[in-house]
Amino acid sequence: MPRPHLALLATLLAAYGIFALSDRIDPYHLDVLVGIGINIILAVSLNLVNGYTGQFSLGHAGFMSVGAYLSAAVTMFLGPKLLGESGGTALAQNSLFLAALVAGGLSAAFAGLLVGIPSLRLKGDYLAIVTLGFGEIIRVIIQNFEPLGGALGLNGIPACTNIFWVLAFAAVTVFTVTCLVHSTYGRGFLAVKDDEISAEAIGLDTTRYKIVAFVVGAFFAGIAGGLYGHFKQTISPGGFDFNRSIEIVVMVILGGMGNTIGVILAAILLTLLPEVLRPVAEYRMILYSFLLIVLMIARPQGLFNFHFWKPKS
Amino acid sequence: MTEFLQQLINGISLGAIFALIALGYTMVYGVLRFINFAHSDVFMVGAYVGYYIGQHVPEHTIWGGTLALVGSMAVCAILGIVMERLAYRPLRGAPTLNVLITAIGMSLLLQNLGQYFFGATPRPYPELFPVTNYQFGGLVISSSQLAVIGVTLGLLIVLRFIVLKTKIGTAMRAVSLNPKAASLVGININVVIAFTFGLGSALAAAGGVLYALNYPSIDPLMGTLPGLKAFVAAVLGGIGNIPGAALGGLLLGIVETFVNGSQWSTYKDAIAFAVLIIILLFRPAGLLGRFTVEKV
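Taken in sequence, the protein lines are chains A and B.
If you use the numbering used here, the first sequence corresponds to residues 1 to 313, in order.
If you use the numbering used here, the second sequence corresponds to residues 1 to 296, in order.
Bound conformation, chain A alone:
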């Protein structure tokens, strides 16, 4: 992409513009837009791991839950102490929220590091099942951790998320992933994906690349989790299960692995699809799963991947 910094700046301005006009937008549309933004963050960050680096991870929802819980804990338990009874100014509130999101992202990144170091020795299906396992373990641990609400979840999280934060972080995620992959260093991710053995042979530290991809992906998943928690105002461990991870993986694959624009489009499409299918709610999931199978057979390279792609012989 030419001039990514300008594109980032323009998107941030546009996000602020939408936020300034948000009073005039139908609240329902605004909610859908927030959902789209959160899914874009999740899908684009997973794309770094699955698409660009070729490491199949099924535990993205686990990292999302770490970020959601930690940032909610910061705003709920630390916030009143820092801001006092009055709640502080809007600026103070927003900076606290930003700090909470970053804290959530960092804790998710740390979880990603803990998961990544042992599991990235494994390959393919084994890696997939181990990341799935870690996701489930994170969920069960949270379920048994009473200070964070246990199985009932955490309620009454302040509604700090607004359309500006979501779109801004979506833009930052896309910017970071794009610049990372297109940098000299980042070519290593593609090399690891294309052929791990030759990447190793030319002197790349493949394990390091995998861990970096994992940690960066987990960081943004944590941010998305924080945004999600402060948007829904209630989170429970059940909301971050295996099916949530699958949803994100589907976005990446439908978009076309390692194709950021395609993944963004797929995230938008898959968030809108349930809304569009609302009138036929009874058949919604049947249609959705049926479409998934048909699409995989008809367009295996992803819905929005227009490059011709050759299967490995």
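Read the hints as simulated data drawn from the structure, not as lab findings.
Mixed in with the good hints there might be a few duds.
Unchecked claim - Between beta-carbon pairs, the in silico distance windows are:
{"hint": "1", "chain 1": "A", "residue 1": "ASP26", "chain 2": "B", "residue 2": "ASN188", "range": "57 to 63 Å"}
{"hint": "2", "chain 1": "A", "residue 1": "ILE117", "chain 2": "B", "residue 2": "ARG85", "range": "40 to 46 Å"}
{"hint": "3", "chain 1": "A", "residue 1": "ARG284", "chain 2": "B", "residue 2": "LYS167", "range": "43 to 49 Å"}
{"hint": "4", "chain 1": "A", "residue 1": "THR234", "chain 2": "B", "residue 2": "TRP264", "range": "24 to 30 Å"}
{"hint": "5", "chain 1": "B", "residue 1": "ASN188", "chain 2": "A", "residue 2": "ILE197", "range": "33 to 39 Å"}
{"hint": "6", "chain 1": "B", "residue 1": "ARG85", "chain 2": "A", "residue 2": "VAL276", "range": "30 to 36 Å"}
This structure is a prediction, so every number in the text was calculated from the model and none was measured.
Here a beta-carbon is modelled for each residue, glycine too, at the ideal position from N, C-alpha and C.
Model the placement of chain B on the given structure of chain A, informed by the hints.
Using the frame of chain A, we list chain B on its own:
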């Protein structure tokens, strides 16, 4: 000591069910190298078919129970073959991820069709086999536990016979070793793969009926957790390896039952994965799997 033995028996009967499901995962992985996520929902369909047949045969009889078991195995074998033909065969040779997503789509489809046709509310399961509790000293073994262990043992012997002694079993092993070479020596790969799917799905159906007998209520989402755990069992034993799947299933069932009986019982759903991760760290190809070094 009595309590230990009692838990061991409960663990073995749970592990036997995991083993039955795990065998299907492992056999399909052996011939096609992909994880059939829909397998856990074939397990669910198996339980429901058993339920509907159970309505038409007298309860508490051996022949009625056997009829439900065999009937549901037959229906699911056909389901497995149809699934392979329609969804997976067009994707033969596509990247693993695409096949995986198709399998996930298939799993969602079966779950949602199940909710549509069977209804989402849990249903009590009929007692197909005669119910008695046998006492040995302080130990209690229910007849349905005995049925689980007996049926699993029988099916394992039959499976071993099929895989090692019959022509189609030899063909299955050949395809799992090298599909291209197998087709060069005149093996019809499509027939072998369809047969594998049928066999695996029949075992899952048997697992479904037996599971439902021990945990007497069924719903369309019942397959997810046992399916995941059985899959873990298959990986634990070394995926693609048939004795490994049985071993992994038993091990997992026993560990889970003991954890369930301890103070850590709320963590029981995480234990399966913790065991998996620890074992894979030391044996990256599973307990009985062979670790192959990639060559250029």
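> Can you name, in rising order, the numbers of the hints this structure does not satisfy?
Replying inline: none
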